[in-house]
Structures are given as structure tokens and as C-alpha cells.
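Kindly produce the complete structure, drawing on both the sequences and the hints.
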Amino acid sequence: MPSTPAISFQHVGKTYRSVRGAVKALDDVSFDIEPGEFFGLLGPNGAGKTTLISILAGLARASNGQVRVLGHDVVTDYAAARRSLGIVPQELVFDPFFSVREALRLQGGYFGVHNNDDWIDELLAHLGLADKADANMRQLSGGMKRRVLVAQALVHRPPVIVLDEPTAGVDVELRQTLWQFVARLNKEGHTVLLTTHYLEEAEALCGRLAMLKQGRVVALDRTSALLAGTASTMLRFKMDAPLPPSLAAQSRVTGRIVQITAHDAHEVETILGVLRNAGCQPEDLEIGRADLEDVFLEIMQGATA
Amino acid sequence: MNGALAGTKALLYKEVLRFWKVSFQTVAAPVLTAILYLLIFGHVLEDHVKVYGSVGYTSFLIPGLVMMSVLQNAFANSSSSLIQSKITGNLVFVLVAPLSHWAWFVAYVGASVVRGVAVGLGVLLVTVWFAPFQLVQPLWVVVFAVMGAAMMGALGLVAGLWAEKFDQIAAFQNFIIMPMTFLSGVFYSVDSLPPFWKVVSHLNPFFYMIDGFRRGFFGVSDVSPWTGLAVVAASLALVCALCLHLLKIGYKIRH
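Protein chains in written order, with the working numbering: chain A, 1 to 305; chain B, 1 to 255.
Treat the hints as calculated values from the structure; they're not laboratory data.
Among these hints, one or two may not hold up.
[Claimed, not checked] Covered stretches of chain B, as calculated for chain A (at least 3 residues, CB under 8 Å):
| hint | segment |
| --- | --- |
| 1 | 15-21 |
| 2 | 82-90 |
| 3 | 94-105 |
[Said to hold, decoys possible] Quick look at which bits of chain A chain B covers, simulated, 3 or more residues with Cβ under 8 Å:
| hint | segment |
| --- | --- |
| 4 | 44-58 |
| 5 | 74-80 |
| 6 | 90-96 |
[What the hints assert, rightly or not] Beyond 10 Å from chain A on every Cβ pair, some chain B residues (computed):
| hint | residue |
| --- | --- |
| 7 | 10 |
| 8 | 37 |
| 9 | 177 |
| 10 | 230 |
| 11 | 236 |
Everything numeric in this text was worked out from a predicted model, so none of it was measured.
All C-beta atoms, glycine included, are put in the ideal place defined by N, C-alpha and C.
Next up, the structure:
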């Protein structure tokens, strides 16, 4: 018998209406996340990732479709659904009236959890906040506030954890601490849904991915399958001169670094031929395996939403 | 403890803790304002005005100032807490919690009642030394103070849900709440007004709150306390129904 999905999105749509007209943020989004999965939700800005998570968390209401957390509908059975969820919001928000420990005790209290100082101390220790327990939230740095947001999401020990771009603008050390901690929680059986702009994070952590574009799912597969099934080779080189027009459209240029997708050896030869005929002199030429960023860009460029 | 009840209690505790942490601003400052009103108006009018036949003006003014402080601070508590949380974004912590619209209502309105009554008690304790004190029917004092504070707490919640910036809350407070409390008989007996303004005052539910509250001190009032109770109960029910409806549909907080 199949297990109940940790998170289930079924035909979810969301249209924002205003005097300026209607904007369709999500269009018929359907996929399930199984218990224990580390699942990545990717997409460019405005793709609908945060809207989808807002509907899951009860911060927004779907125009149509159904969302369930461990079988609990987020609208009709919202209390059970929310008890199962720990949400780390994207915005760096905090309540300036309280200390870190007070904020965590209150957050647990909203979920009916009291006298859990042992767990709060464990969270603070794992997130490097032990010496900040009695500090007011206003006194913390941005990175520290981000850690408190993670602790607040976990204070009621939810089985499903949702992280909405948790590492946006945080330093490398915090990113490492956070991912080690979240990976440990995942190993212990927690389901993790992650949205991120750092594709190397998604590639390293997520077993399965969904990609959104303009409110629609344009890719949904295991990370390894996405990497294997799309552009398998990448031609990388450095060049000062402008690219020939025929290559410019299909290239990704970052400063002097040029990356072009090549599906096979013949295509590599063709690209090099075009460069040679144009008199270009590429440096540090290498042919490598496509990473998730390449796959992401190819899917985003190719998908018609 | 039942999870829903524990959640409500936690939110109520947070709302009380929030204003208590800045009690100099939320409790002490309104008490000082009320004392200034008493000193100025009492000094000017004490020898010129007698109310209900024999009650001195300062004695008459004290319950009015106490109730005005209760009402204004109850409104300020829920409205300012909600708008601050909305604008700074930390309302998300409460929005993602498994709290029903009833839990929100009980917690925000409950904390408003606590602050309103705390400020009222503070004003009473400080001003009671300025004039002879009597408390003839204390039950009316409690009933009208709690019902008035609850209504203003619920109204503050409605204003906090509706407003999108501090400016709008200030407008609500300065153009609706302040005139209605000032023109409700805090500083005078409505019975002494010309007929037209007397009728206008009787349309203001705040008048019945002040009048009923004062009844508890002196045993006399401009209208029957039972009439006052009926009007205040009906107003409270109306505002609570509106507030609960807005919370249930997530008006301007769940999109």
C-alpha cells in the first residue's frame, strides 16, 4: 500500500486579482513529496515558488486545487496540517520585543508545546546560538536572526520542514552549519522541501527536484535523472572578444567566461569551427559534464509556460 | 492541556508580555495624561460646577477619565500590536501556527482588556486622592469596564486588520476613537447639554459605557444602567461579530 505523501499538491492554481487585472501566479501545479525526501523547488524570480509555499503554510489560499500535509488538507484540517509543518520564511523577520529564548518558547506555545527547554537548548547549540539565548532579537546580526528563524520553525518538532530560500545573503559558515543540521534532520526521517537560488546546494542536497516557470511545473524528476537526461556536455572557455552572433544566442557569458551546451562531439566541433572562422581565440578550453545550473538554464530557456 | 487552548494562552501571554515590556509607554504615559486632564479641568471647574445635584466636578471627572483611559488603551493595544506585526512581517509566526480565528480573537481582545484595565486602575489609584471617593455599585464598574475594553479591543483588531500603514491607524484613532470618547460625557454630564446635542450624544455607544461606569461610583447616571448595558452589549456583539468574520476570512492577512 502506498504511503501518504508528506506533501501533496493537486491541480493547485492561484490567481491574484486587483483593479489592474488578474495575475496567474500558479497554474495547475501537481506533484507529491514522499516522507523522508529532500526535495528541491527551483525556478527564477516570480516563478511561483513562494506562492506555492505560502499556500502550503496557510499564508495564502489557492484559487483552486488541493494541498495536503501528511494527508491533512491545509484549509479544512489546517490545525493538523500546520502542526506537521515547520516553515522557515524567506524574509528576515523577527519580533523586537523578545529575547531569542522567549521567541522560541512563544513559538512552541502557539503549537501547544510547553516546557520544552531541553529541545530549545539543543536547537540553540546546533545552530550556534547557545550564547545568544538571552539576547534581544534586535541585537543579533542578520545571520544570527536567520538561525533563529530556523530554530523557530523546528521548535515544535515538525515532521515536515519547509525552507524558503534560507541561505539567501548568508555567509559560507552559516550555510555549512545550516545544511549539516538540515541534512541530519533529513537522515533522522524529516521530510525537507527547499527552495533556493543556489543550484549547487540543490544538486548536493536534493534527491528530487521540481522546476517552476511562470507558475507551471516544467520539470519534475530525480536530480540525477535531470542531470543525465538533459544537456550532457558543456563547453567552457575564456575569451575577450565578442562571440560570433550565431553562438551568442545559445551561450551563457559571465565576464570572460563563456559556456555553451553541446550534446555530442560533432556539436563541439561545429562550435569550435564557428569560433575559428570568426578569428576568435578561446583560452583555457575545457569540456565538462553539465551541472544543475546548466540543466536549469536549458529547461528555463526551452520551456514554454 | 488541549493544544488549541494552550495555543490561545500562549498568544494571550505574548500580547500581554509585549505591552508589559514597554509599560512606561503603554501604562505609565496614559496615567500621566489622565492626571494632567484632572489637574487642569479640576482646577478650572471645581468651584463652578456641581453634577447630579451634589457631586463635585473633580469627583465626577475621575470615573470619566478612568473609563476614557480604559477605552483608548484597549483600542491602542490590539491595533498597534497587529499593525506593527503586519508591517514588520513578524505576523507570519502567528499565521503559520495552528490557531483558529477564535484563538486570535480571545488573545488579542483579552490582552486589550488587561491593558485597558491596568491603565484604568493606575489612573484610579493616582487620582482617587484628589477628591472624596465613593463606590456605590462596584459591579457596574466591573461590567462596563470589561465590556467597554473588550469592544475597543475588538475594534482595534478590526482597525489593525484593515490598516496597511501606521498612518491609517493614527487616522482611525484621531478621527473616530478620540472624538467619540471626548464627546461621550467624560468631561460633562450629557444631561446638561442642549436638546439637540443630548440626542446626538445618546447615539454614541461610548456615552453609555462612560455613564454606566460612572453609575457604579455615584449610584446615579444620565440613563438607566440597564439601558446602557443593552446598548453596550449590542455594540459589543456587533463589533465582535465583524471582527470574528474578518479573522475567519483572513482579511488582508491571508492572501
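Going through the hints against the structure:
no., hint, in the structure
1, 15-21, "holds (count 3)"
2, 82-90, "holds (count 4)"
3, 94-105, "holds (count 7)"
4, 44-58, "holds (count 3)"
5, 74-80, "holds (count 3)"
6, 90-96, "holds (count 5)"
7, 10, "violated, 3 Å"
8, 37, "holds, 29 Å"
9, 177, "holds, 24 Å"
10, 230, "holds, 37 Å"
11, 236, "holds, 27 Å"
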